[in-house]
Amino acid sequence: MSVLDLSIAYHQWPMNPTDEEKTAFSTHGDGLYQYVMMLFGLGNAGASFQRIIETAMRRLK
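Taking the UniProt record's numbering as reference, the numbering of the sequence shown is continuous, increasing by one, and the terminal residue is 61.
The set of hints was computed from the structure by calculation and includes no laboratory data. Just so you know, these numbers come straight off a predicted model, no measurement behind them. Virtual Cβ for every residue (Gly too), placed ideally from N, Cα, C. Worth double-checking, as some hints may not be accurate.
Pair by pair, the computed Cβ-Cβ distance ranges are [stated by the list, open to error]:
id : residue 1 : residue 2 : range
1  : Leu60     : Phe25     : 33 to 39 Å
2  : Met57     : Gly29     : 43 to 49 Å
3  : Gly29     : Ser2      : 43 to 49 Å
4  : Leu32     : Arg58     : 35 to 41 Å
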């Protein structure tokens, strides 16, 4: 039996460095932050994640 832990799945995949600045946000007094890993809610996040999983599963066959 195999187990695939997807509880923090999106946060395990790095974003393309050229797209990181598109996720930037600032907080009052704390500075500017940007995501370096995939996050929920991005337009292509679901499709990208699906492609990653399908590629991984094909390798297991």
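Evaluation of the provided hints:
no. : hint                      : result
1   : Leu60 - Phe25: 33 to 39 Å : holds (37 Å)
2   : Met57 - Gly29: 43 to 49 Å : holds (45 Å)
3   : Gly29 - Ser2: 43 to 49 Å  : holds (46 Å)
4   : Leu32 - Arg58: 35 to 41 Å : holds (39 Å)
The structure agrees with every numbered hint stated previously.
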